[in-house]
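S.K.: So the chains spell out like this:
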Amino acid sequence: MLFAEVIIKNLRHRTTRTMLTVTGLAVAVTAVTTLWNIAWGYADSAKSYYSSRGVDIVVVRAGVSNRLTSSLRADLAPRLAGLPGIVGVDGSLTEMVSLGEEHLIGIPLRGLDPDGFTIAQLPISAGQTLQQNDQHVVLLGAGIAESIGKRAGQQLEIEDTTFRVAGIFQPANPFDSNSIVAPLADVQQLMGRPGIVSELQVRAAESVRSEQALNRLCRAIEELRDEQQQPLGLQAQRTHQFVDSASEAKLGRAMAWATTSIVLSLSLIGMLNTMLMSVMERTRELGILRAVGWTRSRVIRMVLGESVVISLVGAVLGSVAAWILIEMLSQWPRTSLLVPQYLSMPAVMLGFAAAIIAGVAGSFYPAFHAASVPPVESLRHE
Amino acid sequence: MQPAFLPSNPSAMSSTLTQSTPLHHSVALEPMLRVVNVSRSYDGGTVQAVCDVSLTIHKGEHLAIMGPSGSGKSTLLNLLGALDLPTSGDIDFEGQSLCKRTDLDRFRASTLGFVFQSFYLLPTLTALENVQIPMFESSLRARQRVQKAAELLNLVGMSHRAGHLPAKLSVGERQRVAIARALANDPKLLLADEPTGNLDSVSGSIVLDLFDRLHHDHGLTLVVITHDAQVAARAQRTVWIRDGRLQ
Chain P
44 MLFAEVIIKN LRHRTTRTML TVTGLAVAVT AVTTLWNIAW GYADSAKSYY SSRGVDIVVV
104 RAGVSNRLTS SLRADLAPRL AGLPGIVGVD GSLTEMVSLG EEHLIGIPLR GLDPDGFTIA
164 QLPISAGQTL QQNDQHVVLL GAGIAESIGK RAGQQLEIED TTFRVAGIFQ PANPFDSNSI
224 VAPLADVQQL MGRPGIVSEL QVRAAESVRS EQALNRLCRA IEELRDEQQQ PLGLQAQRTH
284 QFVDSASEAK LGRAMAWATT SIVLSLSLIG MLNTMLMSVM ERTRELGILR AVGWTRSRVI
344 RMVLGESVVI SLVGAVLGSV AAWILIEMLS QWPRTSLLVP QYLSMPAVML GFAAAIIAGV
404 AGSFYPAFHA ASVPPVESLR HE
Chain F
9 MQPAFLPSNP SAMSSTLTQS TPLHHSVALE PMLRVVNVSR SYDGGTVQAV CDVSLTIHKG
69 EHLAIMGPSG SGKSTLLNLL GALDLPTSGD IDFEGQSLCK RTDLDRFRAS TLGFVFQSFY
129 LLPTLTALEN VQIPMFESSL RARQRVQKAA ELLNLVGMSH RAGHLPAKLS VGERQRVAIA
189 RALANDPKLL LADEPTGNLD SVSGSIVLDL FDRLHHDHGL TLVVITHDAQ VAARAQRTVW
249 IRDGRLQ
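Chains as they are written, first to last, in the numbering used here: chain P, 44 to 425; chain F, 9 to 255.
For reference, chain P alone in the conformation it holds in the complex (with noise of 0.2 Å):
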């Protein structure tokens, strides 16, 4: 017999007891892989949006991290595609829509100039895409327009106006896919923010692309002035480190946080409360372990060991079940746009983590408590 037998037949004897443990940790495993899964998976597919369009930098108002309430003039395009390194300059106007007839909210509508360099990277799987002087017409990312059932030629209602569906276009992650693309007057009309854009969006040209050329060049369009000679408060990053300080970002990071921290005292006080009452029920047959030599130790590993098989099987099942509620929440119109189709490896090894530390942590004063009754006096326990 292996010391991790006994360990398994301690569990497995109080199987009522140890089941529900294992359900309350694979519950927190399943919050923590999910909500950071989100977070992280959400940051994964606003990066793969930029580099997918072949946007290098980044550009909104100096101080502004959500772009969305980020307001750059649109004409100065022109003066940041005159800086040397730079060969491509596009405006973007994001705005969150609804669609009314199919109760979705949150949609991302994206104004881009139809010539510009970012919507030539639109895989277009349906129809055609954006023209100069189109007028009305949107192209559908591959997931809304499946959540909505819209083929390309069909009309679509946005914020009381109708546009015509010109095309659908395949991307490779959920954040564009669940997007809409307009023509940026469109946009901008449909706003009432006529010349303004939430971002410009910069191509640097090969030779700067290295780390430390985009970095100087970051510096240079923030050091733009105007033409008396003020700055022009702009704020240029690089796509990834855009990115990270977006405020959706940073507000995903703190929810999953927040969640993990709740979650792991939550387990951690669970797994105590489950521990302590295993080993006062089993004082007496301590007291035998000891009696017939077993070292405090000993005693200590066996129900450290208890505390980890039962985190470990949680935190597998809590991965499973996590797994298939990404799956639903994914394919699910009103959460797809925020849920990767993925289960990410760093969301499943924090998760791990979680159940492993809260399981342990929970288990040292039971564990210490357990080995510290003289024997004597755990074989005189009724």
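What the hints contain is simulated information worked out from the structure, not anything from laboratory work.
A virtual CB, placed ideally from N, CA and C, is assigned to each residue, including glycine.
Among the hints, a few may not be true.
[Unchecked claim] So the derived label-pair ranges between C-beta atoms look like this:
(1) P:PRO417 - F:ARG149: 26 to 32 Å
(2) P:ARG55 - F:ASP217: 33 to 39 Å
(3) P:ARG423 - F:CYS107: 48 to 54 Å
(4) P:PRO417 - F:HIS172: 29 to 35 Å
(5) P:ALA215 - F:ARG149: 20 to 26 Å
(6) P:ARG423 - F:HIS172: 46 to 52 Å
(7) F:VAL44 - P:PRO417: 18 to 24 Å
(8) F:HIS168 - P:ARG339: 34 to 40 Å
(9) F:THR110 - P:VAL363: 46 to 52 Å
(10) F:ARG149 - P:TYR385: 30 to 36 Å
(11) F:GLY53 - P:MET392: 23 to 29 Å
(12) P:THR66 - F:ALA241: 27 to 33 Å
(13) F:HIS168 - P:LEU45: 22 to 28 Å
(14) F:GLY53 - P:PRO417: 32 to 38 Å
For this one, chain P is given, so just place chain F on it according to the hints.
M.R.: Just chain F now, with coordinates in the frame of chain P:
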């Protein structure tokens, strides 16, 4: 006649016990455990369980400690077995003071075997697994533990019940498994607290025969706590304890 539960091949028995110097009723007067003016009190001295006891147990001896309920005999056994420490006085084992040792767990594992009135088998483990429990503190590997536990169960005539949980065993069988467990690490001293107290006469007789065999054939030093005169009669020497004092 050899009891049916013991193996017919004596070499099978000797392989399980390193204490194989046969004494054949002659006690070598080499002290093993020396108890010197030992007292044990509780609740700040208001309860005096054992009072100024001095006792020497010799190697290969079969000693019975008799006394009525509440006389302090179990407390004395706990002190002899390093499960408890005296309030005053000293106990030395082969010349080494137990009170000064910091590794009493390991001392118990390597030197002592315990047999309790209520058997104290672990309910989640089979007979074979229960016997292996003390061996976790030895250097034996898993396979060796299984092999030795099987030999010990064979020694006590419980091979056929090796895979059974304690709940599926009769009380006599449980005590025989407990004896096999007590022998797991080849103890120098076997301490038994009312070993037949919960057994019927037939099972009790089997257990006492087994003790006799271990003592006579393997020279195992044996201390038995009992209030049963028939059990004490099997011992070479009997000491009486009353109100915590040896008579």
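S.K.: Determine for every hint whether it applies to the structure shown.
M.R.: Here is what the structure says about each hint:
Checked against the hint of 26 to 32 Å, the pair PRO417 (chain P) and ARG149 (chain F) passes, with Cβ atoms roughly 31 Å apart. In this structure the supplied range 33 to 39 Å holds for ARG55 (chain P) paired with ASP217 (chain F), their Cβ-Cβ distance being about 37 Å. For ARG423 (chain P) and CYS107 (chain F), the hinted distance range of 48 to 54 Å is not satisfied, since their beta carbons lie about 21 Å from each other. Range check, PRO417 (chain P) to HIS172 (chain F): about 31 Å between beta-carbon atoms, so the 29 to 35 Å window is met.
Distance hint check for ALA215 (chain P) and ARG149 (chain F): the Cβ-Cβ separation is about 54 Å, which falls outside the suggested range of 20 to 26 Å. For ARG423 (chain P) and HIS172 (chain F), the Cβ-Cβ distance of about 28 Å falls outside the hinted range of 46 to 52 Å, so the restraint is violated. Between VAL44 (chain F) and PRO417 (chain P) the CB atoms are about 22 Å apart, so this pair conforms to the stated range of 18 to 24 Å. For the pair HIS168 (chain F) and ARG339 (chain P), the beta carbons lie near 36 Å from each other, so the given range of 34 to 40 Å is met.
The supplied range of 46 to 52 Å is met by THR110 (chain F) and VAL363 (chain P), whose beta-carbon atoms lie about 47 Å from each other. With their beta carbons about 44 Å apart, ARG149 (chain F) and TYR385 (chain P) fall outside the hinted range of 30 to 36 Å. The hint said 23 to 29 Å for the Cβ distance between GLY53 (chain F) and MET392 (chain P), and at roughly 58 Å that hint is violated. Restraint check, THR66 (chain P) to ALA241 (chain F): a C-beta distance of roughly 58 Å breaks the suggested window 27 to 33 Å.
For HIS168 (chain F) and LEU45 (chain P), the Cβ-Cβ distance of about 24 Å falls inside the hinted range of 22 to 28 Å, so the restraint holds. In this structure the supplied range 32 to 38 Å is violated for GLY53 (chain F) paired with PRO417 (chain P), their Cβ-Cβ distance being about 19 Å.
In the structure shown, a violation is registered for the earlier hints numbered 3, 5, 6, 10, 11, 12 and 14, in ascending order.
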